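Undergrad: For the protein sequence lines, the chains are A and B, in the order given. In this text, residue positions in the first sequence follow the working numbering: the first is 1, and each later residue adds one. In this text, residue positions in the second sequence follow the working numbering: the first is 401, and each later residue adds one.
In case anyone wonders, no lab produced these hints; they're calculated from the structure. Some hints could be false.
Which chain A residues stay away from chain B? Per the calculated CB distances, all over 10 Å, these [as the list claims (entries may be wrong)]:
hint	residue
1	Glu117
2	Ser321
3	Ile372
4	Arg375
Just so you have them, the derived chain B footprint on chain A, three or more residues with Cβ under 8 Å [unchecked claim]:
hint	stretch
5	16–29
6	196–204
Bear in mind the structure is a predicted one, so any value in this text is a computation, not a measurement. Just so it is clear, CB atoms sit at the ideal spot from N, CA and C, and this is done for glycine as well.
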Amino acid sequence: MAEIVLERLTKRFPNGFQAVTDLSLEIGEGELLVLVGPSGCGKTTALRMVAGLEDISSGDLFIGGVRMNDVLERDRDIAMVFQNYALYPHMTVAQNIAFSLRLGKVPKREIGERVRETATLLGLESLLDRRPKQLSGGQRQRVAMGRAIIRKPQVFLMDEPLSNLDAQLRVQMRGEIEALQKRLGVTTVYVTHDQVEALTMGDRIAVLREGVLQQIGRPGEVYDRPANLFVAGFIGSPPMNLAHATVEANGAGVRVRLGSATIPVPPELAREQGLPELNGEQVIVGIRPEDLHGPGENGASGPEPGVLQAQVDRVESVGASLLVHFAVDARDAKAVAVAAATGGEVLESVPLTGIEGASFCAALEPRSGVRIGDRVEIALDTRRLHFFDPASERSTRQLL
Amino acid sequence: MSAASAARPLASPGRRRLHRRHASALVPKYLGLLLLAVIVLMPVYILVVTSFKGVAETDVSHAWSIPHAWTLDGWRAAWDALSPNLKNSVELVIPATLISTVLGSLNGFVLSKWRFPGSDLVFTFFLFGMFIPYQAIMIPLTQLFGDVHFPEGIPRLVFAHVVYGIPITALIFRNYYATIPNDLMEAARMDRAGMFRSYWSVVLPISMPAFVVAAIWQFTSIWNDFLFAVFIVTDPTKWPVTVALNNTAGSMVTTYNVQMAAALLASLPTLVVYILLGRYFMRGLMAGALKG
Chain A
1 MAEIVLERLT KRFPNGFQAV TDLSLEIGEG ELLVLVGPSG CGKTTALRMV AGLEDISSGD
61 LFIGGVRMND VLERDRDIAM VFQNYALYPH MTVAQNIAFS LRLGKVPKRE IGERVRETAT
121 LLGLESLLDR RPKQLSGGQR QRVAMGRAII RKPQVFLMDE PLSNLDAQLR VQMRGEIEAL
181 QKRLGVTTVY VTHDQVEALT MGDRIAVLRE GVLQQIGRPG EVYDRPANLF VAGFIGSPPM
241 NLAHATVEAN GAGVRVRLGS ATIPVPPELA REQGLPELNG EQVIVGIRPE DLHGPGENGA
301 SGPEPGVLQA QVDRVESVGA SLLVHFAVDA RDAKAVAVAA ATGGEVLESV PLTGIEGASF
361 CAALEPRSGV RIGDRVEIAL DTRRLHFFDP ASERSTRQLL
Chain B
401 MSAASAARPL ASPGRRRLHR RHASALVPKY LGLLLLAVIV LMPVYILVVT SFKGVAETDV
461 SHAWSIPHAW TLDGWRAAWD ALSPNLKNSV ELVIPATLIS TVLGSLNGFV LSKWRFPGSD
521 LVFTFFLFGM FIPYQAIMIP LTQLFGDVHF PEGIPRLVFA HVVYGIPITA LIFRNYYATI
581 PNDLMEAARM DRAGMFRSYW SVVLPISMPA FVVAAIWQFT SIWNDFLFAV FIVTDPTKWP
641 VTVALNNTAG SMVTTYNVQM AAALLASLPT LVVYILLGRY FMRGLMAGAL KG
């Protein structure tokens with residue numbers, strides 16, 4: 001059990017590609033930190049540098065206060081769970097789990113005890129004599145976990161351990177891993193591209209984009225106060241609605257003009273976001289689908305709600321809510337968000353529905369009865385508005 | 401189309417047509433293959449029937465006929481002539497095959513799974529080795545053996561074959577190890593295994609298929625080699641069977657039955673190796689290491 005400190009960690013590959021740039025993180029003892037980002041964002045490379053599977057180009061890595069840059073992976077006292085599990089195919093479950101202890105010259109009797117203990121913890125007792133190919137995906141995943149936890153290492157590293165499981169099992173294992181980590185209290189770095197996994201599992205989450213740290217914080221913090229457009233678009237599903245707007249600040253308060261709609265901004269939020277100084281300037285306004293409310297929904301819409309006139313283009317029922325898509329006559333700002341979701345590929349927002357402007361999505365109550373073609377008033381919870389500077393893509397509060 | 405077949409699922413008529421087309425296309429294909437097989441097997445047939453004939457029967461005009469009186473005389477004579485050399489061949493082929501496959505496995509491992517700077521270049525040089533003809537090194541090799549006083553006879557032959565086997569066995573193992581996921585090696589590293597431990601405990605136990613392929617290859621080419629044997633080994637009592645077989649043809653009287661039996665005798669071990677080891681060509685040993 002130890003804290004991990006990354007100081008300006010950088011990875012340059014021989015072909016000149018810089019996968020990670022000046023990554024600084026402090027991961028507290030017993031903490032579960034999730035590194036999240038689209039594929040190719042450098043999160044796995046960062047993890048592999050901590051593991052010692054990848055050389056550090058520059059910067060320093062400390063585990064438990066000891067500089068680890070030049071320490072061999074096997075001397076770092078780290079256990080890792082791989083995306084593909086990487087179980088030894090010729091060994092039984094018990095042998096797989098015991099392998100590292102056997103190499104560590106642990107007495108046979110103790111190995112036996114610890115294998116049993118680990119198997120009990122993971123519910124693998126009845127599978128100890130099987131070989132990996134006789135196991136289901138979820139069972140293999142557990143064996144991979146067992147191989148890591150039997151070591152009682154200082155640090156766990158997990159590289160997308162759930163991405164090969166089907167959806168149901170993934171949700172179950174998510175909870176199990178989290179519970180296990182809390183119970184064992186081992187400092188853990190967990191890499192995933194799945195923002196739901198990040199939000200649900202992490203004590204804190206660190207969002208990476210093209211090797212650069214975008215934001216680090218508790219899941220709620222990152223979700224509610226994204227530091228920039230990228231984080232806003234990447235974290236949250238369905239993603240945040242984003243569109244260009246103009247700030248109007250005068251004696252009567254601050255408003256934003258979003259296409260033909262004018263939306264009042266609550267004074268504290270306006271102050272916190274530095275909007276009074278941005279009078280007449282362009283900003284990007286963001287609002288999460290769940291902060292949009294349909295007619296007759298009294299989801300706390302703030303003292304002075306903003307209203308969007310919507311003609312419904314598309315309706316998706318996802319059970320717990322009804323996703324209503326509609327066009328807003330303002331310039332779309334989702335390009336960055338889409339790039340995040342598709343792993344860096346920027347797709348020009350094509351008006352597939354033949355409608356110009358930004359496409360918004362509102363998560364309404366499932367039984368609100370909204371149908372395609374309906375004209376409805378959508379109320380915004382104005383306290384939940386987000387504002388970004390179009391040039392720097394950063395939250396306007398960071399410009400103060 | 402009848403009502404009954406129309407009621408079948410839509411895919412079925414199409415699939416049946418496909419089957420028929422397959423079947424009609426197969427007939428000429430198999431006839432062609434059969435013809436080629438007969439052509440290839442004709443000499444073997446002559447070899448077998450002649451080996452069971454008496455000397456009197458072995459003239460060219462009766463070459464195709466089945467023996468009137470089956471006899472093992474030819475085989476007995478062949479065994480008497482070749483058995484010391486068969487023993488030499490066994491003493492040569494077993495150590496040479498074992499050493500060269502083990503070396504191939506080690507080489508393949510460091511060239512694919514525990515790579516070092518310049519390993520690709522080294523591998524390229526290895527491959528060059530495959531294209532050096534035996535004839536090119538006859539004189540320098542003989543000179544070298546003499547200069548370093550290398551033990552004469554079979555040990556020299558073992559050494560020469562081991563060295564010449566390095567490229568091909570390295571290639572076989574490298575290609576096989578390339579199919580082992582790198583994750584597995586990294587998992588071993590994270591489990592605190594070093595290079596030798598990773599090889600011994602993780603890679604070697606799943607190397608059986610490559611060992612079988614490399615061993616069959618090496619066994620066959622070493623057993624069948626003639627040129628190395630004839631210029632490296634000067635003492636006739638140490639000759640492997642290929643050289644001795646050639647010399648049975650050197651006498652004044654041509655005893656075809658004995659020669660045919662001798663040829664069969666000399667080629668039996670390679671056949672046996674194929675039949676025995678071929679069964680151990682294992683597939684799917686890797687199944688289960690990774691997801692699906």
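Undergrad: Run every hint past the structure and note whether it holds.
TA: Status of each hint after checking the structure:
1. Glu117: holds (18 Å)
2. Ser321: Label holds. Min Cβ-Cβ 32 Å, cutoff 10 Å.
3. Ile372: holds (33 Å)
4. Arg375: Correct as stated: the minimum Cβ-Cβ distance to chain B is 45 Å, above 10 Å.
5. 16–29: violated (count 0)
6. 196–204: Violated, because only 0 residues of the stretch 196–204 of chain A bring their Cβ atoms closer than 8 Å to Cβ atoms of chain B.
Hint compliance for this structure: hints 5, 6 are broken, all remaining hints hold.
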